[in-house]
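Student: Next come the chains, spelled out residue by residue.
Protein chains: 2
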Amino acid sequence: MEQDFEALAKLYKNALLNDVLPFWETHSVDWEQGGYFTCLDRKGNVYDTDKFIWLQNRQVWTFSTLYQQLEPREDWLKIAANGANFLAQHGRDAEGNWYFSLDRSGNPLVQPYNIFSDCFAAMAFSKYALASGEEWPKEVALQAYNNVLRRKDNPKGHYNKIYPGTRPIRSLAVPMILANLTLEMEWLLPSETLEQVLSATVEEVMTDFLDCRSMLMYENVAPDGSRFDSFEGRLINPGHGIEAMWFIMDIANRRGDSKAVNQAIDVVLSILDFAWDAKYGGLYYFMDAKGHPTQQLEWDQKLWWVHLESLVALSMGYCLTGRAACWDWYTKLHEYAWSHFADPEYGEWFGYLDRRGEVLLNLKGGKWKGCFHLPRSLYLCWQQFEALNASS
Amino acid sequence: MEQDFEALAKLYKNALLNDVLPFWETHSVDWEQGGYFTCLDRKGNVYDTDKFIWLQNRQVWTFSTLYQQLEPREDWLKIAANGANFLAQHGRDAEGNWYFSLDRSGNPLVQPYNIFSDCFAAMAFSKYALASGEEWPKEVALQAYNNVLRRKDNPKGHYNKIYPGTRPIRSLAVPMILANLTLEMEWLLPSETLEQVLSATVEEVMTDFLDCRSMLMYENVAPDGSRFDSFEGRLINPGHGIEAMWFIMDIANRRGDSKAVNQAIDVVLSILDFAWDAKYGGLYYFMDAKGHPTQQLEWDQKLWWVHLESLVALSMGYCLTGRAACWDWYTKLHEYAWSHFADPEYGEWFGYLDRRGEVLLNLKGGKWKGCFHLPRSLYLCWQQFEALNASS
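From first to last, the protein sequence lines stand for chains A and B. Each number in this note's numbering corresponds to the 1-based position in the first sequence with 19 added. Each number in this note's numbering corresponds to the 1-based position in the second sequence with 19 added.
Mixed in with the good hints there might be a few duds.
Identical copies carry no separate label here, and so any pair may be met within one copy or between two of them.
Claimed, not checked - Result set (DMTMM-like, lysine to aspartate or glutamate): computed pairs, CA atoms no more than 20 Å apart in a straight line:
hint : residue 1 : residue 2
1    : Lys386    : Glu317
2    : Lys32     : Glu90
3    : Lys309    : Asp292
4    : Lys180    : Asp362
5    : Lys298    : Glu377
6    : Lys62     : Asp307
7    : Lys386    : Glu251
8    : Lys298    : Glu158
9    : Lys29     : Glu222
10   : Lys180    : Asp122
11   : Lys386    : Asp307
12   : Lys29     : Glu354
13   : Lys32     : Glu405
Since the hints were made in silico from the structure, they are not lab data.
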């Protein structure tokens, strides 16, 4: 592929501003009862009105972030406010823990069993405080952040089904989300907290979860960082590992640690080698480190966010280091992603393809796909290519 | 397909006795530490040693049932005992609730959050008591049965994540398993209990879970039997509905209720019409009653048990009524199942195919596939075709 960074920057910018954001602006906002519809079919029609807290908070985050970082469009702030007000009113139980889902009008459906609801609330309200300039969202953000800190060693509380002691597990998701969250909350936290969390995360992820022989990221390890031989212990989630690596690149770059930047790129390249489907193209969703059958029946499917996080990691890796392998892989992923996931006819991207790359679920949004990975990735890739263009 | 019932009876008998049971006899028994390995690759090699309580109990049930109903082979009783002794020693917590999984040596891994572990324990130990002639397994069976009765209105206890009141749900699984279980425990229960449970189940399933317009079985309904419009409320699980219908046929037949037998067949035929993949053949795993995207990414996969339960329902329906539609569908399902799932090279059947019928997971057993659906179905189909042969 030609290295026309200007054209690439334009492609991402155009997709973000003229395709993806309009899709959500037009179809997803529940102006009547507050919050957002995320279950949207290919054309944007609402097929289910339940409100899933991850996606509600992520959409507040997206519109607040773009308002604050890109352009202060009043429409975007209004959309963010429509979610933030609904969530502040209905999203939490009496102890301030965030529910997992609500019905359309805000009645709780699923209990606060999931710490990531609180993570995404902290991210959303931190950015919404910045965007709106109001005080109250800061309080909501800090309360959610403290929930995460309090619950991080037992994220599921009494909903946790693991029997204590037999085979204790630490999951990659926890340090990753904590690092991401701390970066998002930076302006609200004392600077020592920031430095301490970031340094602990890089250390933990790159020592315990990274397997130095295979250079793969494991999803679950024992408390001492060793591997264990079970479905969970053998699990590789390529998209998650790659997303983790661009967080690490970003953190390492801030700290001027080019060795860590390069190590994170090495891991991205190893994961891509391991997870690329040589027969049909695209990256697998779940894999077993030893090549055994996974317990996830959806293991061979091609998911939008896995490919988008890879585009971010590769464009960022190339922007930071100029390594040729980043460009080669970027090209491969770019061709696959833009030709399989984008939907020029109705806007937004498809989310779920089968192994062969055919559409598996004809939706643009659902219980887990909302207004988040695609706009975030489009924005970040656009930034990388602008930087590359400026420096070339 | 030719109606050669003798040949069909022989086919099923031969597969059961000379293919499937030898596979499990050879590869799955953990003679060293007790219980069974169920994670077996295509050739029967063990790829994971964790012990999942559903599958452990189901294998005790299978070998006990065949010993008791088919032939008192000492080997089969030994295999059943190897599981029953292991489970009696390690399977339950201090309150007598059944764990979900154990490690190889019997240490608990996952807590007793799942009432079906107790169901399968009751079935297993009831049959093992009959097979072994011993007293103690009766106690184990009755204790598990009482757990089920005690927990059936809140099967997940404090692990239940549903917020009370907003949208209460009743699931088809609970009455179905209770009916099946009660039939299995018949010899241990007072006859009024039996009659009462069976009659309540037929009533509940055919009134509340059956949608009279579409003639489809819904997985979840409101407490008053009405439908609700959410992912759970729209969910159709074709294999589960069809399995439920042969339970109902079996119960209705015992009670001489030919109207209910025919109604159950009508439902089977409707589900097959709805769930048959006209493009690639086979039955879908999950569907949305309104045709919306499902939340299950594995919705379009073709699973062994779905097709096996259909073979049982259709051969039973044909045997009981001689309805031509049963035979037509039986033929279609027979051709699909025997040509896609059976593995003449290494024995046993594949479990998980993609939509096109290609093998998705190259395993013969795993976390959810063990020695149960296939041998049970082979045995039941064999019996139907023997009866048809005798009467023709």
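Student: Failing hints, ascending?
Tutor: Numbers 4, 8, 9 - these are the hints that the structure violates, sorted from lowest upward.
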